[in-house]
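Number of protein chains: 4
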Amino acid sequence: MADETIRRKEEHIRISVNQNVQARRVTTGFEDIYFVHKALPGINKRNINLSTEVFGHSFSAPLIVGAITGGTPEASRINSTIAEVVEELGLGMGVGSQRVAIERKELEKSFSVARKKAPTAFLIANIGGVQLVNGYGLKEVKKAMKMIEADAIAIHLNPLQEAIQPEGQTNFEGVLEKIREITAELEKPVIVKETGAGIAAEEGKKLEEAGVKGIDISGTGGTSWAAVEYYRARKHGKPFQRELGEAFWDWGIPTAMSIVEVSQTVNIPVIASGGIRSGVDIAKALALKAGLTSLSKPVLSAAIKGSNETEKVLSLLIEELRNVMFLLGVDSVQTITETPIVITGKTAEWLSIRGFEVESYARRRRH
Amino acid sequence: MADETIRRKEEHIRISVNQNVQARRVTTGFEDIYFVHKALPGINKRNINLSTEVFGHSFSAPLIVGAITGGTPEASRINSTIAEVVEELGLGMGVGSQRVAIERKELEKSFSVARKKAPTAFLIANIGGVQLVNGYGLKEVKKAMKMIEADAIAIHLNPLQEAIQPEGQTNFEGVLEKIREITAELEKPVIVKETGAGIAAEEGKKLEEAGVKGIDISGTGGTSWAAVEYYRARKHGKPFQRELGEAFWDWGIPTAMSIVEVSQTVNIPVIASGGIRSGVDIAKALALKAGLTSLSKPVLSAAIKGSNETEKVLSLLIEELRNVMFLLGVDSVQTITETPIVITGKTAEWLSIRGFEVESYARRRRH
Amino acid sequence: MADETIRRKEEHIRISVNQNVQARRVTTGFEDIYFVHKALPGINKRNINLSTEVFGHSFSAPLIVGAITGGTPEASRINSTIAEVVEELGLGMGVGSQRVAIERKELEKSFSVARKKAPTAFLIANIGGVQLVNGYGLKEVKKAMKMIEADAIAIHLNPLQEAIQPEGQTNFEGVLEKIREITAELEKPVIVKETGAGIAAEEGKKLEEAGVKGIDISGTGGTSWAAVEYYRARKHGKPFQRELGEAFWDWGIPTAMSIVEVSQTVNIPVIASGGIRSGVDIAKALALKAGLTSLSKPVLSAAIKGSNETEKVLSLLIEELRNVMFLLGVDSVQTITETPIVITGKTAEWLSIRGFEVESYARRRRH
Amino acid sequence: MADETIRRKEEHIRISVNQNVQARRVTTGFEDIYFVHKALPGINKRNINLSTEVFGHSFSAPLIVGAITGGTPEASRINSTIAEVVEELGLGMGVGSQRVAIERKELEKSFSVARKKAPTAFLIANIGGVQLVNGYGLKEVKKAMKMIEADAIAIHLNPLQEAIQPEGQTNFEGVLEKIREITAELEKPVIVKETGAGIAAEEGKKLEEAGVKGIDISGTGGTSWAAVEYYRARKHGKPFQRELGEAFWDWGIPTAMSIVEVSQTVNIPVIASGGIRSGVDIAKALALKAGLTSLSKPVLSAAIKGSNETEKVLSLLIEELRNVMFLLGVDSVQTITETPIVITGKTAEWLSIRGFEVESYARRRRH
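Line by line, the protein sequences are chains H, R, U and W. Per my numbering, the first sequence runs over residues 532 to 898. Per my numbering, the second sequence runs over residues 532 to 898. Per my numbering, the third sequence runs over residues 532 to 898. Per my numbering, the fourth sequence runs over residues 532 to 898.
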């Protein structure tokens with residue numbers, strides 16, 4: 532089984548990088564959100580402090596690289612490159628699902644290289660929520676964390692992907708209870724993350740009550756796993772699966788909506804991910820009260836080229852964020868949430884009809 | 532007359548399959564409706580039960596094949612193929628208008644083949660409402676039902692088509708009273724269906740009061756009968772009729788709007804049809820409180836190719852529906868109506884201004 | 532001066548027919564308005580009565596041909612053709628501005644031909660409101676009316692056209708008072724009409740108070756006079772005027788908005804014109820409470836080809852209107868205003884913010 | 532340093548004129564605003580008075596040419612040409628940033644030529660707000676004003692441009708206090724202007740309280756300085772800066788929104804600029820309660836060609852404005868604010884959610 536898993540992981544990387552697997556008829560919602568430019572920033576751009584403390588860890592900027600890969604030789608190089616750069620920049624990093632290495636010890640190195648290259652960066656281990664139903668428990672979680680000396684564990688929820696891929700595991704009965712068991716026993720923070728379909732207010736509430744310490748909403752509008760499975764099915768001549776992939780290509784809660792759904796509902800940090808492509812997007816996510824932001828695709832494409840390219844991509848994002856903060860007269864990440872933003876269009880429509888408040892964002896500090 | 536009717540039926544099939552007769556400037560409204568993805572489905576996809584009981588009959592999935600055709604040799608093959616597949620899958624099926632066979636006994640076989648191939652499936656006989664004004668009554672209704680040993684009779688209302696086609700019958704005076712006479716006498720359920728222009732709340736109310744047991748709203752956004760008549764007129768060199776077809780191409784109440792108009796007004800099952808093209812559409816219709824959904828065009832195109840193709844099309848729709856239910860954590864068709872949906876855009880605008888409630892759909896089970 | 536006027540009129544016809552002089556970035560607003568289809572019309576299409584009485588005259592359908600032309604040989608043929616057809620169909624007709632013939636008696640025939648060919652049809656004489664400021668009075672009005680034995684006089688307001696064309700007269704001081712003087716003396720009804728830029732509620736009120744008996748709102752969304760002047764200026768090498776024409780190409784109040792602005796404000800008949808291109812548009816105008824509708828461009832293009840073509844165009848419009856009425860179960864023109872219409876989009880937005888009621892249209896007869 | 536500044540200024544002009552540096556995914560908002568045409572203007576177009584008094588100066592029309600350039604030989608010719616035309620037309624003019632000439636006396640002529648050619652026109656001197664933090668004070672302000680015998684000084688705020696350009700100065704700490712010091716000492720009016728990113732209500736309030744006498748909101752939707760820097764970076768092979776320019780290309784508050792934000796907040800004159808391209812735009816800005824309007828780009832392109840071309844561009848704008856006023860029956864610039872305008876779309880959405888009133892504009896003088 533693991534060989535097949537490895538082949539699948541290789542395909543995932545190839546398809547993500549070479550095919551158009553972005554959302555097609557749905558967007559993140561960030562394009563509906565406008566900042567209110569401040570002609571008098573009143574600050575010195577040089578004094579802007581991008582650092583933030585989340586999960587008791589100090590990040591030099593509110594940015595982590597999302598869980599991408601592991602298990603294959605190429606994955607090993609990618610993890611190594613990303614780790615090297617996040618260590619240098621003081622960011623954080625999640626690794627891809629570690630199941631493959633929990634089951635085959637010889638694959639551990641493709642993950643543990645992350646800690647080797649990033650001795651102090653915030654590293655997030657990763658296992659699938661659905662594995663918890665299929666026999667995994669505290670033991671495997673600890674094994675995954677130990678593998679990279681993780682600062683936290685991310686339990687990923689990927690029902691869409693499991694439902695579309697032929698080899699998918701689609702028994703999610705009791706996943707929440709299993710998560711609760713883990714959070715009760717584990718000292719380090721448990722983060723729950725989606726994988727591109729977003730998290731609704733209702734689920735956010737349940738997760739917080741289950742003892743989860745952070746929620747990565749991973750909304751719709753960026754890379755679509757259904758699209759990835761569409762291309763895999765096309766390649767393997769499986770028209771039925773291909774049609775399924777097509778039908779669910781744009782499924783999910785767009786990122787901006789999901790950030791608000793969860794952040795207006797829970798009191799734990801929200802990590803914003805899903806289609807974040809610029810420092811302006813990062814700033815919008817933070818203004819919507821995300822505590823951290825996370826990207827995968829742009830970093831994956833860069834990491835394949837090397838650490839120089841990776842460093843450029845991440846530095847540009849950080850500089851863009853710094854610029855936004857300068858243009859809003861905001862000198863700390865914590866106070867971005869005090870600057871007004873105007874939520875319009877489909878995003879405002881979704882949030883209002885779902886019962887969330889949108890006016891207060893636009894009037895913050897107006898009076 | 533019947534020969535001409537047969538020619539017309541042949542043309543209808545040819546044009547529906549080979550020309551673009553879809554709505555052009557109007558859509559079903561389904562694209563305005565979003566599900567709220569559930570990252571924690573909490574169920575086992577394998578345990579999802581798609582079966583439903585409507586009209587006292589148990590369907591293995593809330594899906595029937597809409598009234599398509601009859602009367603010609605090709606129609607006979609199509610009915611046979613569809614019947615074979617719906618029997619196998621445990622679905623239901625409506626036949627095309629049976630008037631032609633009521634008037635010419637030798638054409639009965641093109642309809643009765645449906646029951647031969649589908650001994651247990653839910654079969655719906657079919658006569659035109661306008662025929663009831665032109666002399667038809669309980670006798671003809673019973674004859675139509677007996678022809679296919681029908682489980683129900685659909686009386687179709689097609690004023691648009693009658694108004695556009697040169698040979699159209701456009702006296703609809705007293706149709707409602709005639710329907711009431713039929714429902715009063717008939718034991719089996721009477722369904723009233725539109726043919727692509729939708730049913731408004733006002734008409735739904737009248738139909739329920741007239742004793743109708745189900746309403747197939749057949750809304751706008753899928754196949755346009757005005758478009759079919761446009762192509763017929765073009766072929767026959769009738770510019771006046773062609774212009775009429777063009778002018779009414781997009782006439783009618785879009786499907787999503789019509790489902791809500793009727794389902795918020797009556798207490799009998801609503802059958803959703805008109806432009807349903809995927810299992811996601813089916814799920815949206817059910818979430819809007821339709822009891823069954825119905826498709827014609829995609830099944831017609833498949834049925835011409837054979838039962839294998841037909842089975843694939845219907846199975847894919849069912850799998851897509853099952854996937855949606857999995858991603859919403861819904862394990863029975865009956866509880867889809869408890870999951871939140873976000874109605875936006877033109878559809879929300881139409882419904883609000885017409886006086887229907889749209890917020891409650893978005894907040895179901897939120898608190 | 533008159534020669535120049537004649538040349539201008541010839542150019543106007545040529546440009547209107549051969550160039551694209553339709554509104555570009557603005558529409559009539561009719562596309563924002565939806566009828567609520569009635570699957571049970573409950574009537575016999577054959578019994579639909581299209582006749583209506585307005586200004587004490589009985590029209591066989593609520594449709595007149597808008598003021599088009601006069602003064603030139605070609606205008607004479609056009610007026611003759613249109614008159615012949617409206618007489619046959621029992622409609623009405625307005626002639627173009629008669630100033631040219633008031634000043635040059637030999638040109639009278641190009642107008643009086645209308646009455647010769649249409650002995651019983653409702654004919655509307657036509658003079659410019661701005662002429663009333665420049666010396667015209669009751670005498671000229673009566674002369675214009677006598678010329679065609681008119682049933683009514685239309686005083687046209689064309690400030691946009693006058694402002695754009697190099698030879699334009701742009702003193703509109705006291706036009707309203709002059710209109711009041713005419714209405715006080717004249718027995719036959721005075722209609723005031725715009726020429727493609729629409730009439731606002733405020734102006735409608737003033738006109739009603741001035742004794743006007745009908746208002747032709749002539750809204751934006753159809754033929755643009757600024758566009759016509761754009762092409763004239765281009766032809767004559769006048770870049771300054773060409774730029775002016777371009778800048779005002781889409782100026783004015785869209786037709787649907789203007790109908791509501793005026794009909795919710797006055798108690799005299801509203802004539803709807805400006806971009807009406809189908810019987811569906813006609814029905815929408817009537818549902819918005821216009822008493823008559825009027826078209827120019829499509830009839831002009833047809834009239835150049837002859838009476839057959841003209842009769843076809845008008846008959847098709849009437850049949851389309853009849854079809855709409857059938858599909859709404861409405862058997863008289865007067866009761867179209869009782870059938871619900873759904874006003875959405877830009878049109879609803881304009882009307883609401885201007886303080887007009889839009890919900891009641893959608894709920895008429897719902898309860 | 533000054534040499535480099537001069538090279539930069541030359542590049543700015545070349546890029547502004549030859550590249551597409553207009554906003555791409557954002558518009559001024561003027562397209563969301565509609566006038567309510569007045570079919571009965573009730574005035575004589577000839578009697579329309581375009582003159583207005585602002586800052587104690589009488590302008591023959593509410594139009595000035597925005598701060599463009601200075602310091603280079605070409606800038607000198609441009610300033611000379613514009614000055615000649617604004618003098619002739621009785622308008623006003625701002626010069627580009629004078630820092631370069633404050634520091635190098637031999638460059639003064641490129642600015643002072645403006646006063647030479649425009650002995651009576653309203654001339655506005657120009658220094659950067661950020662220079663006030665870097666050592667400039669009353670002395671330099673007075674020097675700049677004396678250089679052109681200015682009627683007012685504009686302090687420009689350009690944090691976006693400074694943040695994007697490699698040589699940018701991004702310390703804006705204390706700019707507001709420095710402005711307050713200048714206004715306290717200077718007799719002539721101090722205007723504060725943005726440079727294409729707009730001014731928010733909050734900033735407008737602070738500026739008024741700091742003694743500023745006019746605010747040029749310079750909103751987003753016209754020339755983008757980020758775009759200019761994008762092209763400079765591309766030319767100089769600086770991919771990082773190029774990406775930054777791209778990311779902030781459309782940053783800022785659109786012009787229409789900014790006019791309302793500020794005009795509903797302060798009691799000093801608002802100058803509207805940013806993407807104004809026609810007399811219709813000018814009229815919309817005035818209807819939103821701007822006291823003056825200002826353009827740069829179209830005048831720059833014309834001025835390079837000469838005074839004839841420049842005079843044509845400005846005369847056309849004035850004639851377009853006069854036409855709008857005529858079509859609204861408004862005979863003075865001051866009363867444009869009494870005529871109704873309909874604010875729709877994104878602009879209405881932004882303003883409403885930010886807490887500004889939009890209905891009253893549409894109902895002015897309705898009752």
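Be careful, since some hints might not be right.
Intra- or inter-copy, both count: the list cannot distinguish identical chains.
[What the hints assert, rightly or not] Listed next, the in silico BS3-like pairs over lysine-lysine satisfying Cα-Cα at most 25 Å (straight line):
| id | residue 1 | residue 2 |
| --- | --- | --- |
| 1 | 744 | 677 |
| 2 | 647 | 670 |
| 3 | 540 | 648 |
| 4 | 836 | 670 |
| 5 | 877 | 820 |
Derived from the structure by calculation, the hints contain no laboratory data.
Hint check:
no.	hint	in the structure
1	744 - 677	within (19 Å within a copy, 64 Å between copies)
2	647 - 670	within (23 Å within a copy, 60 Å between copies)
3	540 - 648	within (22 Å within a copy, 46 Å between copies)
4	836 - 670	neither (36 Å within a copy, 54 Å between copies)
5	877 - 820	both (19 Å within a copy, 24 Å between copies)
Checked against the numbered hints given earlier, this structure breaks only hint 4.
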